[in-house]
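Single-letter residue listing:
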Amino acid sequence: MLIAILIGFVFALFLAFAGKYLKGKLSILISLIPLGLFVYFLQYIPSISEGKLLVENHQWIPSFGVNLNFRLDGLALLFSLMITGIGTLVFAYTSSYLKNHIYLDRFYAYLLVFMGAMLGLVLSDNLITLFVFWELTSISSFFLIGFNNTNPDSRRSAQTALAVTGIGGLLFLAGALILGNIAGTYQISEMIPLSEMIGQNAHYVLAVALIFGAAFTKSAQFPFHFWLPGAMKAPTPVSTYLHSATMVKAGIYLLFRLSPVLGGQAFWNTTLLIVGAVTMFYAAFHTLFRTDLKGVLAYSTIAALGILTFLIGLGTHEALLAAGVFILVHALYKATLFLMTGAIDLGTKTRDVTALSGLRKVMLPIAVAGILAAISNAGIPPSVGFLGKDLIYESTLHFDHSSAIFLTILAVATNVLIAYAGYVAGVKPFIGKLPTGMENVDFPPLLIWLPPVLLAVLGFVFGIFPGLIQESLIKPILTSVVQNASDVHLKLWHGFTPILGLSVLTISLGLLLYFLWKPTKSKEDFIERFERISPKSILENLAILFERGSDLWTRIFQNGYLRNYISVIIIFLVGLVSVTLLKNTTYNIDYSSFSRLTVYEVVTLVIMILSIGFAVFTKSRLAAVAATGVMGYSICLFFVFYSAPDLAMTQFTIDTLTVILFVLVLYKLPKYLKLSDYKTRVKDAVISTAFGGLITILALEVLAQPVNEEISNYYAENSYILAHGKNVVNVILVDFRGTDTMVEISVLTIAAIGVFGLLKLRLKSSERKQK
Amino acid sequence: MEFLLAIMTGILYAAGLYMMLRRSLVKLIIGLIMISNGANLLIFLLGRITKGHPPIIKGSAEVFADIYADPVPQALILTAIVISFGLQSFAIILVKRAYKVVKTDDLDEMNTTDEEI
Numbered sequence: 001m002l003i004a005i006l007i008g009f010v011f012a013l014f015l016a017f018a019g020k021y022l023k024g025k026l027s028i029l030i031s032l033i034p035l036g037l038f039v040y041f042l043q044y045i046p047s048i049s050e051g052k053l054l055v056e057n058h059q060w061i062p063s064f065g066v067n068l069n070f071r072l073d074g075l076a077l078l079f080s081l082m083i084t085g086i087g088t089l090v091f092a093y094t095s096s097y098l099k100n101h102i103y104l105d106r107f108y109a110y111l112l113v114f115m116g117a118m119l120g121l122v123l124s125d126n127l128i129t130l131f132v133f134w135e136l137t138s139i140s141s142f143f144l145i146g147f148n149n150t151n152p153d154s155r156r157s158a159q160t161a162l163a164v165t166g167i168g169g170l171l172f173l174a175g176a177l178i179l180g181n182i183a184g185t186y187q188i189s190e191m192i193p194l195s196e197m198i199g200q201n202a203h204y205v206l207a208v209a210l211i212f213g214a215a216f217t218k219s220a221q222f223p224f225h226f227w228l229p230g231a232m233k234a235p236t237p238v239s240t241y242l243h244s245a246t247m248v249k250a251g252i253y254l255l256f257r258l259s260p261v262l263g264g265q266a267f268w269n270t271t272l273l274i275v276g277a278v279t280m281f282y283a284a285f286h287t288l289f290r291t292d293l294k295g296v297l298a299y300s301t302i303a304a305l306g307i308l309t310f311l312i313g314l315g316t317h318e319a320l321l322a323a324g325v326f327i328l329v330h331a332l333y334k335a336t337l338f339l340m341t342g343a344i345d346l347g348t349k350t351r352d353v354t355a356l357s358g359l360r361k362v363m364l365p366i367a368v369a370g371i372l373a374a375i376s377n378a379g380i381p382p383s384v385g386f387l388g389k390d391l392i393y394e395s396t397l398h399f400d401h402s403s404a405i406f407l408t409i410l411a412v413a414t415n416v417l418i419a420y421a422g423y424v425a426g427v428k429p430f431i432g433k434l435p436t437g438m439e440n441v442d443f444p445p446l447l448i449w450l451p452p453v454l455l456a457v458l459g460f461v462f463g464i465f466p467g468l469i470q471e472s473l474i475k476p477i478l479t480s481v482v483q484n485a486s487d488v489h490l491k492l493w494h495g496f497t498p499i500l501g502l503s504v505l506t507i508s509l510g511l512l513l514y515f516l517w518k519p520t521k522s523k524e525d526f527i528e529r530f531e532r533i534s535p536k537s538i539l540e541n542l543a544i545l546f547e548r549g550s551d552l553w554t555r556i557f558q559n560g561y562l563r564n565y566i567s568v569i570i571i572f573l574v575g576l577v578s579v580t581l582l583k584n585t586t587y588n589i590d591y592s593s594f595s596r597l598t599v600y601e602v603v604t605l606v607i608m609i610l611s612i613g614f615a616v617f618t619k620s621r622l623a624a625v626a627a628t629g630v631m632g633y634s635i636c637l638f639f640v641f642y643s644a645p646d647l648a649m650t651q652f653t654i655d656t657l658t659v660i661l662f663v664l665v666l667y668k669l670p671k672y673l674k675l676s677d678y679k680t681r682v683k684d685a686v687i688s689t690a691f692g693g694l695i696t697i698l699a700l701e702v703l704a705q706p707v708n709e710e711i712s713n714y715y716a717e718n719s720y721i722l723a724h725g726k727n728v729v730n731v732i733l734v735d736f737r738g739t740d741t742m743v744e745i746s747v748l749t750i751a752a753i754g755v756f757g758l759l760k761l762r763l764k765s766s767e768r769k770q771k
Numbered sequence: 001m002e003f004l005l006a007i008m009t010g011i012l013y014a015a016g017l018y019m020m021l022r023r024s025l026v027k028l029i030i031g032l033i034m035i036s037n038g039a040n041l042l043i044f045l046l047g048r049i050t051k052g053h054p055p056i057i058k059g060s061a062e063v064f065a066d067i068y069a070d071p072v073p074q075a076l077i078l079t080a081i082v083i084s085f086g087l088q089s090f091a092i093i094l095v096k097r098a099y100k101v102v103k104t105d106d107l108d109e110m111n112t113t114d115e116e117i
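Quick note, the sequences are listed as chains A and B, same order.
Sequential numbering from 1 applies to the first sequence in the working numbering.
Sequential numbering from 1 applies to the second sequence in the working numbering.
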């Protein structure tokens, strides 16, 4: 299983290097990867449906309980099949859709990474590994959504999507850590028996709230739904893949997966019910106002995700069963509708639903796929959509609570609106009169029309023969999240029940709505006016504020003025050290321990102070340099006075060299000006004086402490005995610490090379022009 | 004397910092030289100063008979002097070069890496 997950990443890496050879017709070969994986997962259907599990464990960081635990059960199998199955079709579709695109190889690499991450996500049994894959899907989807990177809108949408799902990812990590701490393990399968204990823990609500945050952002639940319509800027294959079967279902998957661990508590169910209900109705209502085909589909996707959240919130066996079936149903028809949209877009160059009609005359297979998908979407028998809708109503009607009727009404209303959206997207573009100018639309190539037709037909095959999926796919889903799951019976005909009535009502109301309500631009404009108070604009404004804040921060602290950096550092240093000095230090300077003053010392000191003052205040650069030289020679004298002949010699040489170098180089420089005004100079003087004073006090403080001479004594005693040298300083440098000296010489060499390079460097003609 | 030397060190630091806060590149380098001299003096002072007893073993003796100046700070300072020379010479050449390219030695006029947009 690990290999199956890693294949995507490995091939993505391979494409990064060898992709350019696979760009042309060969690109179709890449879809063999998901196809192979699809077949690989198909072979597990018999054993999974018998109730077996496939478990694979690899140690990763066992000391933290973070391991690569993979587990293939019914739920994971359904998702894996959708990821690889729809993946295969999307990969094949892409090779035609983005034919001759310059970055096709890159696109495939992103898709492969995404597919690998998604597989890892659904197969992980460890919360931390799950988190890693969760983040990988966010990151790879960022690249996919922003694939048209020359379009600013597209980049923006990608950023929004990354920001929202990225924040969700962080919430997930926090939630996972808390949950792991409560349970003492990160393995989800080990948490299930501890469910009751977790539910009683004081931090249960916090952990659940964090995980909700993650799932709601990923699965575009209100009020985090806004990134999903924005993500429609991506190329259609991406929308298909991300929004029908994979990315947005990850949040649902997480809720589904954790419902045996965290479910059964009032907080869990109520929150999910409310959020799901609000999302599904809000989004379904919004489909009424969209004219862009992808916009309609985006909102109907959000509505479908809302339904799923809602069903998991209901939490009964029936509801979970309905959710499992609906995941499959939705993936089939929504992928079809997206692929169909892509085909229309490719042929007619527009996705405006008001401008499209009669396309059946030019792209019949697409029309068939679209209409079949719309039928499945509306829940008209004998499609699999009918089964899904039936189960939803069944679970709301049988919900053991006084709100059952209300919830059912809400579900019916949402489904009516979703049915409407399906008609608009899947039927409207194909019926009626073909507008002028579209007669010459090319018939779509095989790889464009075959995938949607396949998916649409599959939706009907499963609908007519529910036995195909009943035991093999659907029941294992239920067994993977509930104990002692009852038998599952999927069938089209239940007899005359209230549920059948509701289905008929939904279908007919949806049709009625479709004939009465026409999407127009003005209606879309109308709803756009409310954008200002939508969660999206609130978040965007927050983002702008944050940007301004960081801009301000940067301008204050990273202003590019060296002296400001130095001042800030010095002021903080002086402030912090003086606080400590004032608090914890007793001042006792023992003057008696100091050596006595002599005349020549005082004279040298005076010369030095004068030269420093001269260097600071002179208006001539040459004088300043000369004064610096005088200062160096005075220090040299001090070294002579205090028994350091080697230092004196070095200082003398170096100082002479520096002054010569200065004079040689600097006579060409511009006038030596006082550039700062009086106020700045006073301010700088105050800072400098404080700093100098601090150093003096520190020096005196240190002088009051006893000195440790152990090291010095060692060197002095062994200088002749071990190293046969009588000048101890020299012996230290060339013998005891010889390696250090060698490194020092290399530093000097590097400096010398740098100097040489700077002197010999010739500017390129372009640089010279800039001057 | 130590007291006066401590004050001297402070003056060197203060003057060096003041020069480093100026806008002229040349003053910056002079400030750098002053601070490095101040640092040398500080180390020298904190290693305790001794008059007239260099750390050199006399004549045929194998170890010190008398008191001697601490050799460790001296070794450190010797290294520091040489390294700071490397730094200074590089900085001086860099100033020359920078002046040749941007025609100024005012730090305020060279604080952007790109052309302002």
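Misleading hints may appear alongside valid ones.
Straight-line alpha carbon distances no greater than 25 Å define the calculated DSS-like cross-link-like pairs of lysine-lysine that follow [stated by the list, open to error]:
#	chain 1	residue 1	chain 2	residue 2
1	A	760	B	58
2	A	349	A	99
3	A	619	A	683
4	A	619	A	349
5	B	100	A	619
6	A	536	A	523
7	A	760	B	103
8	B	58	A	619
9	A	349	A	361
10	A	349	A	518
11	A	361	A	433
12	B	103	A	619
13	A	433	A	521
14	B	100	A	760
15	A	536	A	433
16	A	20	A	99
17	A	433	A	523
18	A	726	B	51
19	A	726	B	103
Since the hints were derived computationally from the structure, they do not count as laboratory data.
*Looking back at the numbered hints, which does the structure fail to meet, lowest number first?*
Violated hints: 1, 4, 8, 15, 19; rest satisfied.
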